[in-house]
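Engineer: Please build the complete structure, drawing on both the sequences and the hints.
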Amino acid sequence: MSEVTMVGAITMALARAMADDERVLVLGEDVGRNGGVFRATEGLLERFGGERVMDTPLAETVIAGMSVGLAAQGFRPVAEFQFMGFIYPALDQLICHASRLRNRTRGRLSCPLVFRSPMGAGIHAPEHHSESTEALFAHIPGMRVVVPSSPSRAYGLLLAAIADPDPVVFLEPTRLYRAHKEEVNDNGEKLPLDSCFVLREGRNVTLVAWGAVIKETLEAAQDLAEEGIDAEVIDLATVSPIDFETILASVEKTGRLVIIHEAPRNCGVGAEIAARIAERGLLSLQAPIERVTAYDTVVPLPKLENAYMPQAKDIVEAARRVVTFQ
Amino acid sequence: MSEVTMVGAITMALARAMADDERVLVLGEDVGRNGGVFRATEGLLERFGGERVMDTPLAETVIAGMSVGLAAQGFRPVAEFQFMGFIYPALDQLICHASRLRNRTRGRLSCPLVFRSPMGAGIHAPEHHSESTEALFAHIPGMRVVVPSSPSRAYGLLLAAIADPDPVVFLEPTRLYRAHKEEVNDNGEKLPLDSCFVLREGRNVTLVAWGAVIKETLEAAQDLAEEGIDAEVIDLATVSPIDFETILASVEKTGRLVIIHEAPRNCGVGAEIAARIAERGLLSLQAPIERVTAYDTVVPLPKLENAYMPQAKDIVEAARRVVTFQ
Amino acid sequence: MNDNPDKASAQARKEKIVAEFEIPYRQYLDASGRLLGDAPAFANNREIVLPLYRATMLTRIFDNKAIALQRTGQLGTYPSCIGQEAVGVGYASVMTDKDVMLTTYREQAAQIWRGVTLAELLLYWGGDERGCDYKGPREDFPVAVPIATQVPHAVGVATAFKLRHEPRVAVCALGDGATSKGDFYEALNLAGVWQLPVVFVVINNHWAISMPVAKQTATKTLAQKAIAGGIPGIQIDGNDVIAVREVVGEAIARARNGGGPSLIEALTYRMRDHTTADDATRYRREEEVSAAWKTDPIVRLRTYIGANGWWSKEDEEQLVIECKDKVEAAVAEYLATPPPEPQSMFDHLFETLPASLEWQRKKLAGGGK
Amino acid sequence: MNDNPDKASAQARKEKIVAEFEIPYRQYLDASGRLLGDAPAFANNREIVLPLYRATMLTRIFDNKAIALQRTGQLGTYPSCIGQEAVGVGYASVMTDKDVMLTTYREQAAQIWRGVTLAELLLYWGGDERGCDYKGPREDFPVAVPIATQVPHAVGVATAFKLRHEPRVAVCALGDGATSKGDFYEALNLAGVWQLPVVFVVINNHWAISMPVAKQTATKTLAQKAIAGGIPGIQIDGNDVIAVREVVGEAIARARNGGGPSLIEALTYRMRDHTTADDATRYRREEEVSAAWKTDPIVRLRTYIGANGWWSKEDEEQLVIECKDKVEAAVAEYLATPPPEPQSMFDHLFETLPASLEWQRKKLAGGGK
Ligand SMILES: Cc1ncc(C[n+]2csc(CCOP(=O)(O)OP(=O)(O)O)c2C)c(N)n1
Ligand SMILES: Cc1ncc(C[n+]2csc(CCOP(=O)(O)OP(=O)(O)O)c2C)c(N)n1
Ligand SMILES: [Mg+2]
Ligand SMILES: [Mg+2]
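Residue numbers (this note's numbering), protein chains in the order written: chain H, 1 to 326; chain X, 1 to 326; chain W, 1 to 369; chain F, 1 to 369.
Mixed in with the good hints, there may be bad ones.
To be verified - Computed cross-link-like contacts, DSBU-like style, restricted to lysine-lysine with a CA-CA straight-line distance of at most 35 Å:
| id | chain 1 | residue 1 | chain 2 | residue 2 |
| --- | --- | --- | --- | --- |
| 1 | W | K363 | W | K65 |
| 2 | W | K220 | F | K220 |
| 3 | X | K253 | X | K303 |
| 4 | X | K253 | W | K363 |
| 5 | F | K363 | W | K16 |
| 6 | F | K98 | W | K215 |
| 7 | W | K326 | X | K303 |
| 8 | F | K215 | W | K162 |
Stated by the list, open to error - Computed Cβ-Cβ distance ranges for the label pairs, DEER-style:
| id | chain 1 | residue 1 | chain 2 | residue 2 | range |
| --- | --- | --- | --- | --- | --- |
| 9 | W | A329 | X | S2 | 48 to 58 Å |
| 10 | H | G43 | F | E287 | 22 to 32 Å |
| 11 | H | G74 | W | T96 | 51 to 61 Å |
Please keep in mind that the hints were generated in silico from the structure rather than gathered at the bench.
We treat Cβ as the ideally placed atom computed from N, Cα and C, and that holds for glycine.
Structural biologist: In structure tokens form, the structure reads like this:
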């Protein structure tokens, strides 16, 4: 057991996966000697060598496309995209090939790859370094989208993503990379994909969130507790496909739902959760659903990023409204 | 007045816009001599010349990026992407630049461009020619997404899109291109963006749809009428931003909502509409919301595309369920 | 056209030159079917040449049949490779079973040589994914419809070979239009800097739907695009199956032996419409097409093998009958294949369908939604 | 390295050569500050050369100050152009106000010459969009952070100039790493085939964060990538402001007069960390950096103007004081600028905010959600 940050846990998971399975490769820009701009791949080159930790030219389209080729050949490429604002050139390969190769060939070829990328605002970074566009990926059939929110979940989910026989987009909230340390046992144990994590049980209101805002959501739950509002906090974790049964069961218990995400509101993943409740959980709803999200604007430069991101008090207010709703 | 198909109305609108505003340019692959693979730009080269109707090399990234440059310089580029399956290389420019240039420069530069692309299945086309991924575009702040569903709406909405000072992605259902003819008056009159069209008034259930499935939705409304179910049919038309007030008013009247789209269900635009009702229209809902959509699979090749696309009877059954719901 | 644009001025200024390049060209069998000097030895080996001829013929007859099937509503949109058969047959003939082919949608000639069955091709173009489950070349990629997107896959496959120290080569076919796309260039550059075992065969059939090459790029050749990736580039007569086999053979051998990637531009011509959905008379002149027919790779090769006394009128009639029989048998198999079950849409979406999607599969199996 | 890889073999085989290319190199002021033969006339014109020197100095002092501000938490992540000033100053000095510049994030030298104010630069790097509302060059593009994405914009701007028959040129700066991206190549190819009035200045500072050029591409030069677009390519000493001004000047003049696009590779060196968030000691040797300092464009130019008797110790001290005053004034203006109003996020999202978003703007104005 050792105390690690989330980025440390990610490095630990990468090293573990590479040690346990020689098909696992790490590639991307500056992932070698430099250990990645966030140091997520630190030490891997030294330990596993240049044939398994590959610095690529600055070319996201070919990083994505060559990963498809490597995966079809039986490797397990884990490609790092330096920031989420730079992963868009990879969308074409994800949509047209990575997510379809197995289906297109009726299982003859498959695409067990992982695309890792930092996500989210809150670190006073330059333009394009603060994106939360997980909804774009979640809408693509044939692949998974995973967002960890703690060192231990990052460790177990990344191991599961790498072991998964299908494509996984693994989005890492930069704001949490070094937010806190946690005991993580480097035992190679995976956490299940396609399932939520109930971080806090509660009777009065269900708070569903993922990624960096899990932090604010847990703070909000604390504050609410002091007001006597008992909030259940669910970390969606696998953003697509959604483990809806867990959410539904919680809403059937609490009758109230607040969804929190850092992405813009319109057509965000929160909408899908709300829609499913409106389809299958309507009768258990005792109040309108609320979404606490970023605004439908471009992520502002650092001077305004705090005004842009959902804050704990926004979550508290929303929860209060749904709980006190008559 | 003349009877035209939807693709004919689109050609008419392009010609009208080019005649009325010399800043309007048409560019893309095979849009010149060939008149576009669907003939949407037929006759424009002959009439407006090669400086305003530009055949580009086969390179979607630069088609998108050069359009940003042209727009920033005061032109009104209307770029055609040959099929929606080939527009993905343009996403990077749409997300990072077209939708942000005005905001980034505080209005110093802007991006009045239109990206046109055929969309949807149902014409027995090869792979990648049957996509309905409007949700990917709808989630991007700072731009509009418009989907016409009749010759006259295509004409008026395309004129509005071209005249609009901000980026518009204009998606044209191929299944409707030649589905039927309609009297369209080539008078240069725009239709409003950001607003729905109520195609049929009704008291018992609200059917919201857009694009090709408007056809099945209207058929369903007919069938429902024969059963004594009076359906209101709303064409969303501008998929983003959504004219929610019109939908809300309708649902407050009918108390029942069925959303129909050809795109995969998960994180589709239908989810956003359902979510907003669950937030602001919950109390007027007398039944769970239903979504009639394609499956969360890759669009199958032609042999199975009919099984994949929503059919009128699926809409009828969903409407019946919500209307008879106790 | 802009070959060495600065050369004159540079020399005038006696400028220091830091890099020089040249693009060679090769042809062995001219348009009239005459073998030119220094042709490779195999050109005189009927055991090697006749199978090449048979393969081009089978492909031609298959293509014509496929077009007929589409016209009669029995096949989907179809892109024939009529006129380009020598390219596909030529490069496929120097690949081993262990090599991997990645291509666009117009490489039936190579696919058939590689062992993709005619029935599989018909299934795919008839709108059935099962047509991509090749029983023959299990590792070959299915055709990539989005232009140039297979080129990055090819460098990935080549990287796999290199990492495993396997003597295998990835052969990637792409069109002239595809050379305008960034994917092609990014892959080319990666292949160069990692010295990957990959061969890029650029099939310059002079048209990208309605775009002639001259409107696609200002370069005098497409072969010179290799210079931007720091790899060898060469142009050949793509209707000369001897040149294709020889030059691609050299490139594959070099790649196999650690000599790195190369790019070969094969000059040929798209004799027919882009696909059955296209009408080429809208944008290209009939004279150009009829002139191109004079360079037909099949006629050329037939003249050659005939002149060598390897091929009689009877052989020809015999071959045509054989090919037609093969094609008809495939058509029968194709037409007799029942359509896939609707719920098969979910069978290979993931290795194991996520529980949350089970209800969709069930609903589809039940029919309707 | 792969220059003319096939040449030897080709000549051996007496192969037909269908295209030849060469990449020239130019330098006028060597590292020791000595002017070489056939230098352009303006090199002897103090009225032209001294402003170039002043500009490099102002940029250097501004960069150092910006780094200091970041270190003390008063500025965001900052990418200095220390060591590369001669490139930016050189090409900007031959642009007219009507020309348009498109660039990456490391072109302060050119931006300052173009009239972007120091306060605007600080605002932008301090995290405030208002820093991109340049009061000076209204049509210049804001810096593009996603690598190479400005190159397609540049060909669009150049197309606009060509369509309007305006004698204007788009100048696009990009880095060595950017040349690996498909966007760059697609734009290059389009510029070539449409013969657009655009000049691509590839700033080869030898590093892309931790990637040396040798790991970025196998090409001997970056200039040769122009060959793939069918346009002229030339390599120059980017720390020689005389060469930059002369060669870019020729290219701009050619483009302005309908002579089409060209690409110039300027050899320079990134003296400092990639940005203030980077630690270059992790991946490059100190000896390499100290060696590079010997080629410092500012020292070189100072030696030259000093040797010409155009520049005294007093002039130097005077200039440094002037620059520091300018920078301090800008810093004061920047620090005194109140942050933008939260709801200003919505002010320029669209020309007119859609009614459906009004509530969000109001909520933000009210604070909280
Ligand atoms: C990315 C992309 N854009 C557009 C298309 C539509 N399209 C299909 S084939 C084609 C022309 C391809 O020309 P070329 O590469 O020369 O291959 P050829 O058809 O001549 O074999 C185009 C534009 C596509 N398939 N993919
Ligand atoms: C598309 C994209 N991918 C990755 C990045 C992250 N990144 C920022 S700068 C940089 C290196 C750029 O190198 P180069 O083009 O040589 O410019 P330089 O920094 O040397 O001026 C990278 C990889 C980015 N900004 N954009
Ligand atoms: Mg072609
Ligand atoms: Mg660099």
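Engineer: Does each hint fit the structure? Answer for all of them.
Structural biologist: Results of checking the hints against the structure:
no., hint, verdict
1, W:K363 x W:K65, "violated, 38 Å"
2, W:K220 x F:K220, "holds, 21 Å"
3, X:K253 x X:K303, "violated, 41 Å"
4, X:K253 x W:K363, "holds, 31 Å"
5, F:K363 x W:K16, "violated, 65 Å"
6, F:K98 x W:K215, "holds, 29 Å"
7, W:K326 x X:K303, "holds, 24 Å"
8, F:K215 x W:K162, "holds, 17 Å"
9, W:A329 x X:S2: 48 to 58 Å, "holds, 51 Å"
10, H:G43 x F:E287: 22 to 32 Å, "holds, 25 Å"
11, H:G74 x W:T96: 51 to 61 Å, "violated, 19 Å"
Checked against the numbered hints listed earlier, the structure breaks hints 1, 3, 5 and 11; every other hint is satisfied.
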